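Using our numbering, the first residue of the sequence shown is number 36, and each one after it goes up by one.
These are computed hints drawn from the structure, not numbers from a lab.
From a predicted model like this one, the values you see are computed outputs, not experimental measurements.
Built from N, CA and C at the ideal position, the CB exists for glycine as well.
Among the hints, a few may not be true.
[Claimed, not checked] Across the chosen pairs, the derived CB separations fall in these ranges:
| no. | residue 1 | residue 2 | range |
| --- | --- | --- | --- |
| 1 | 70 | 119 | 16 to 26 Å |
| 2 | 72 | 51 | 25 to 35 Å |
| 3 | 73 | 48 | 30 to 40 Å |
| 4 | 40 | 126 | 17 to 27 Å |
| 5 | 67 | 119 | 25 to 35 Å |
[Unchecked claim] EDC-like mimics (lysine to aspartate or glutamate), calculated; alpha carbons at most 20 Å apart, straight line:
| no. | residue 1 | residue 2 |
| --- | --- | --- |
| 6 | 116 | 75 |
| 7 | 109 | 128 |
| 8 | 40 | 75 |
| 9 | 109 | 119 |
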Amino acid sequence: MSGLKLPNPLRMDGARAAWAQMSPALRAEAAQVLAAAGREVRLSAAGLTDFDSSALSLLLSAARQCSEQGATLKLDDAPDKLRELARVYGVSELFWGPSPSAQA
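Required output: the full structure, derived from the provided sequences and hints.
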């Protein structure tokens, strides 16, 4: 598992700076994963407790960047609030795949 972690806090006022810091590390991690014949770049959200919808914006940028390099972003240890926010915005499958208990 990689050492990539989402910052805490991750709110609108700090999202741009967080992305500027995270993007190069994510690019390097994706290159390493692909060089080792892997496909998934794993990102930990374990420490994320103070966030707003800008966290999803950052995650979508991260997923897009990984995809452009040929990798897939997977988010580990996401707080329930983030999972719910992603579900409401219709993007949860991008980070966790199809829900095994998809409710109609």
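Evaluation of the provided hints:
A hinted range of 16 to 26 Å for the beta carbons of residue 70 and residue 119 is inconsistent with their spacing of about 35 Å. At about 34 Å, the beta-carbon gap between residue 72 and residue 51 stays in the expected band of 25 to 35 Å. Residue 73 and residue 48 have their C-beta atoms about 34 Å apart, which keeps the hinted 30 to 40 Å range intact. Between residue 40 and residue 126 the C-beta distance comes to about 20 Å, which sits within the given range of 17 to 27 Å.
At about 32 Å, the beta-carbon gap between residue 67 and residue 119 stays in the expected band of 25 to 35 Å. At most 20 Å may separate the alpha-carbon atoms for a hinted pair to count; residue 116 and residue 75 exceed this at roughly 23 Å. Distance check on the hinted pair: residue 109 and residue 128 sit about 10 Å apart at the alpha-carbon level, within 20 Å; holds. Pair hint residue 40 plus residue 75 holds up; C-alpha atoms about 15 Å apart against a cutoff of 20 Å.
With a CA separation close to 16 Å, the supplied pair residue 109 and residue 119 stays within the 20 Å bound.
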